[in-house]
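The whole structure should be built from the sequences, with the hints applied where relevant.
If you read the sequences in order, they're chains A and B. Sequential numbering of the first sequence, starting at 1, is according to my numbering. Sequential numbering of the second sequence, starting at 1, is according to my numbering.
A portion of the hints provided could be inaccurate.
Said to hold, decoys possible - Chain A regions said to be covered by chain B (calculated; three or more residues, Cβ under 8 angstroms):
1. 169 to 177
2. 324 to 337
Claimed, not checked - Okay, derived cross-link-like pairs now, SDA-like style, lysine to any residue, Cα gap no bigger than 20 angstroms in a straight line:
3. A:Lys176 - B:Arg43
4. A:Lys279 - B:Glu31
5. A:Lys98 - A:Arg62
6. B:Lys151 - A:Leu330
7. A:Lys182 - B:Arg43
8. B:Lys36 - A:Ile289
9. A:Lys172 - B:Lys37
10. B:Lys36 - A:Gln290
11. A:Lys182 - B:Ala34
12. A:Lys214 - A:Lys249
13. A:Lys182 - B:Ser24
14. B:Lys56 - B:Asn153
15. B:Lys151 - A:Tyr314
16. B:Lys56 - B:Val160
17. A:Lys83 - A:Glu122
18. A:Lys279 - B:Leu38
It is worth saying that the hints were derived from the structure and are not from the lab. The beta-carbon is built from N, C-alpha and C at its ideal position, and this holds for glycine as well.
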Amino acid sequence: MKLLAALLLSLILFTWIAEPASASSRSIQKKVLQILNSKARQITASPSRLWNYAHWSSEHSRYEWSNRLFIMVLNHKNSTYDKHEIYLNIARNYFQMKMFKSALMYYNKVPKTSELWLMAVEERAWSKVRLGQYDQALADTATLLSPVFSHISSPETHYLYGYINLAVCNYKNVFKNTELFKKRHVARISALEKFQSRQARGWVQGLTQKIAEKGVQEGLDRDSLALFPRFFYKYKKIRDLLRKVESSKKASLAEILQMETLLAAYARYDLNEYRIVIKKLQLIEADVIQRIHIDETLLGQRRWNSQEKQVDPYALKFPFDEEDVWVDELDNYDVRAKSCPKIMEAKL
Amino acid sequence: MKKRNLLIVTLLSVMFAIPVFARSVSEEMGELGANKKLLERARAVTAKNRIRIVQKRAVDRDLRLETHLGFGKLAGGDPYVDSSQLGINMDFHFTPRWSLGARYSLYRNRLTSEGERIFNDASTNNPFRDVYDYANSSILGTVSWYPLYGKVNMFDIKVVQFDIYTLAGAGQIDLERSGSQPIWTVGGGLGFWLNNHLSSRFEIRYQSYQDTLSNNAKRDIEQTLFTFNIGVLL
Numbered sequence: 001m002k003l004l005a006a007l008l009l010s011l012i013l014f015t016w017i018a019e020p021a022s023a024s025s026r027s028i029q030k031k032v033l034q035i036l037n038s039k040a041r042q043i044t045a046s047p048s049r050l051w052n053y054a055h056w057s058s059e060h061s062r063y064e065w066s067n068r069l070f071i072m073v074l075n076h077k078n079s080t081y082d083k084h085e086i087y088l089n090i091a092r093n094y095f096q097m098k099m100f101k102s103a104l105m106y107y108n109k110v111p112k113t114s115e116l117w118l119m120a121v122e123e124r125a126w127s128k129v130r131l132g133q134y135d136q137a138l139a140d141t142a143t144l145l146s147p148v149f150s151h152i153s154s155p156e157t158h159y160l161y162g163y164i165n166l167a168v169c170n171y172k173n174v175f176k177n178t179e180l181f182k183k184r185h186v187a188r189i190s191a192l193e194k195f196q197s198r199q200a201r202g203w204v205q206g207l208t209q210k211i212a213e214k215g216v217q218e219g220l221d222r223d224s225l226a227l228f229p230r231f232f233y234k235y236k237k238i239r240d241l242l243r244k245v246e247s248s249k250k251a252s253l254a255e256i257l258q259m260e261t262l263l264a265a266y267a268r269y270d271l272n273e274y275r276i277v278i279k280k281l282q283l284i285e286a287d288v289i290q291r292i293h294i295d296e297t298l299l300g301q302r303r304w305n306s307q308e309k310q311v312d313p314y315a316l317k318f319p320f321d322e323e324d325v326w327v328d329e330l331d332n333y334d335v336r337a338k339s340c341p342k343i344m345e346a347k348l
Numbered sequence: 001m002k003k004r005n006l007l008i009v010t011l012l013s014v015m016f017a018i019p020v021f022a023r024s025v026s027e028e029m030g031e032l033g034a035n036k037k038l039l040e041r042a043r044a045v046t047a048k049n050r051i052r053i054v055q056k057r058a059v060d061r062d063l064r065l066e067t068h069l070g071f072g073k074l075a076g077g078d079p080y081v082d083s084s085q086l087g088i089n090m091d092f093h094f095t096p097r098w099s100l101g102a103r104y105s106l107y108r109n110r111l112t113s114e115g116e117r118i119f120n121d122a123s124t125n126n127p128f129r130d131v132y133d134y135a136n137s138s139i140l141g142t143v144s145w146y147p148l149y150g151k152v153n154m155f156d157i158k159v160v161q162f163d164i165y166t167l168a169g170a171g172q173i174d175l176e177r178s179g180s181q182p183i184w185t186v187g188g189g190l191g192f193w194l195n196n197h198l199s200s201r202f203e204i205r206y207q208s209y210q211d212t213l214s215n216n217a218k219r220d221i222e223q224t225l226f227t228f229n230i231g232v233l234l
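Given below as structure tokens:
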């Protein structure tokens with residue numbers, strides 16, 4: 001009886017909390033439609049409002065509305081939003097709408113000079129996978145897995161690479177990818193576990209000292225980026241703390257403890273991401289077990305996955321060496337992969 | 001009541017026990033690629049995929065005019081004359097592989113140490129300076145072919161692309177005594193495309209022409225010219 005009463009109370013509470021949310025949702029929807037249907041030449045809404053509505057629309061699966069709002073932010077004369085971030089958001093909306101070619105168009109608009117470029121390359125590769133363009137997706141993964149970006153690349157890149165190699169039945173590279181994943185991320189995972197269990201105070205103190213001496217820009221060097229939670233410096237609370245340390249030229253114990261607490265939370269998030277990627281890689285390995293038997297009985301019967309791409313006859317062509325990467329070569333890879341072996345039809 | 005309490009206690013115990021038995025991410029990662037036999041079988045199945053780098057030329061040389069100023073040193077030819085030259089050159093690039101050019105050079109000549117010694121020993125009845133038929137200027141038309149390319153890391157500042165080229169040409173050379181004589185040349189060089197408007201070249205050319213000796217006999221002159229040019233791509 002008491003249990004039933006507790007359940008009923010929870011239900012009433014839940015309904016009460018949910019009701020105001022759906023009312024506010026309806027009111028936002030009304031405002032969004034008002035803006036989208038407005039025939040006025042000048043948009044009266046501020047860029048920040050349009051930005052928030054665009055994200056709200058995207059979160060509520062109204063991707064077309066979201067894109068139109070992002071375009072309004074882009075064209076707004078008072079907009080201070082990074083246009084590359086807008087392109088990325090529009091591309092993501094198109095991806096959700098399964099309009100992968102349009103998504104690719106917007107991903108390609110993010111230039112190499114943008115800090116969002118690497119993210120755009122990764123998401124672009126997924127669009128190419130969905131379009132069945134495995135060769136081009138592999139070319140993108142060659143950029144993502146380049147040693148140049150080893151300290152900032154996402155673990156999901158390894159899943160992407162493993163997935164594509166499984167799709168084209170290149171099993172050797174599936175395992176090569178696993179080895180590379182372990183080599184590149186084992187130190188980071190171990191460091192994140194220390195952050196999570198709050199055993200990394202020495203590193204936090206080291207970082208604050210560097211920031212106090214050299215400032216945020218120079219203090220965030222490759223060493224910090226390699227072991228700390230990914231993009232930790234982009235979180236507002238950490239950013240504010242780092243700026244405070246930079247201006248005061250020292251970090252108090254309270255600030256260090258606060259940073260430790262925040263980093264523990266971000267480390268937990270990163271470790272969950274790693275856990276998911278590891279499970280996905282294990283699934284890929286399990287799939288390899290099934291497929292490899294078929295491949296062994298169909299030796300040599302592979303075809304090229306796609307037609308040879310026509311390249312400019314005057315373009316420069318160099319052999320690929322994964323150990324010796326030149327910065328100007330990034331994003332200029334050309335891959336031709338062979339498809340999975342197929343059973344040849346018998347001819348009489 | 002007792003059963004319900006037991007159920008709640010069991011549920012709570014399980015909830016608190018799960019973290020104790022949860023494996024760390026490091027442990028989970030250790031299981032990846034642990035199947036060595038599978039690894040060997042995977043390595044035996046070769047996919048023979050191809051990966052290469054294909055990149056656009058940093059400097060577009062389709063239908064572009066390049067003018068370059070060069071300084072060169074000549075070796076060979078008359079043993080008593082030391083010549084250097086200053087050149088104003090032009091190359092019109094049809095494609096990154098072919099260009100048509102013109103080279104105008106002004107020569108600066110002086111006697112070598114051996115030549116000076118002979119000049120000082122010469123009698124007044126045999127004025128020395130009329131003996132030598134040195135070059136004043138030359139003008140050549142050339143065709144260049146750029147079959148090889150590469151790139152170089154310039155002191156970690158920039159990656160610069162270059163082309164190795166061969167050239168051949170012919171023209172006229174203006175000699176002090178003989179006047180205008182035909183000249184032909186063949187050679188090669190290294191062209192660095194520093195940016196969209198700046199280039200530099202290191203060139204080695206062999207050139208040959210005929211001059212006239214004091215007894216009016218014709219003589220074959222064969223020279224090697226080493227030049228360094230700085231150019232502008234228009």
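task: Could you tell me which of the hints above the structure violates, numbers in ascending order?
output: Of the numbered hints, all hold.
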